[in-house]
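> Sequence:
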Amino acid sequence: MTRARFTDPDLQAVYAFLAPTDTGTPSTTAESVADREGLDLAADLAAVRRRTASVDASRRRSEDGGRRREDRRARKDYAFEVLGRHAGHLRRPELRALAQAWTRVGLWPVEMEAWVSAVGVHGATIARDCLTAGIAVSAMDTVVDGRRVKQRLRGGEPVSSVLARAAACGRSLSD
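Numbering follows this note's numbering, in which position 118 of the sequence shown is assigned residue number 158; successive positions increment by one, without gaps.
Don't read these hints as lab results, they were simulated from the structure.
Accuracy of the hints is not assured; some may be wrong.
[What the hints assert, rightly or not] Listed below are the simulated EDC-like cross-link pairs for lysine to aspartate or glutamate, each with C-alpha atoms no more than 16 Å apart in a straight line: (1) K116 to E77; (2) K116 to E151; (3) K116 to E134.
No experiment lies behind these values; they were computed from the predicted model shown.
Based on the provided sequences and hints, a complete structural model is requested.
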């Protein structure tokens with residue numbers, strides 16, 4: 041790795057202090073990069089591992105065919121129950137259709153409850169798009185350009201636009 045050279049001794053000292061150290065071997069894992077840079081990412085890495093493990097477990101459960109139909113039915117029933125609590129004014133056929141849409145998103149019951157609270161009963165596609173883009177449900181109350189993220193999404197603003205606004209403001213919408 042080539043080191044920058046500055047004519048100003050103060051700039052050179054700042055660069056020498058802040059520049060990454062050259063260990064000679066490339067870092068292959070997030071842990072080694074964090075150790076090299078002096079970052080404490082244990083909690084973040086543990087959260088990613090838990091999330092990855094739960095996604096892998098749900099994929100295994102749906103791929104092996106063991107309880108696939110039962111899980112889907114249970115999730116649909118739970119979605120129907122959650123939507124009924126949040127939108128008691130809707131008729132049963134409408135609730136069934138919404139429950140089916142929320143079931144296709146593939147959320148666990150606690151996650152579904154949080155997303156329904158954040159984006160509304162008609163927000164299954166919003167939740168799916170947010171999950172695909174990496175926007176966490178905890179970011180729904182984040183204010184970006186004077187409006188909360190959930191207000192922008194409920195108002196019809198595309199997820200990519202919300203992400204671009206957040207990046208322009210220097211805010212992260214992931215966990």
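> If a hint holds in the structure, say so; if it does not, say that too.
Outcome of the hint check:
no. : hint         : verdict
1   : K116 to E77  : violated (46 Å)
2   : K116 to E151 : holds (14 Å)
3   : K116 to E134 : holds (13 Å)
Violated hints amount to a single one, hint 1; each of the other numbered hints is respected by the structure.
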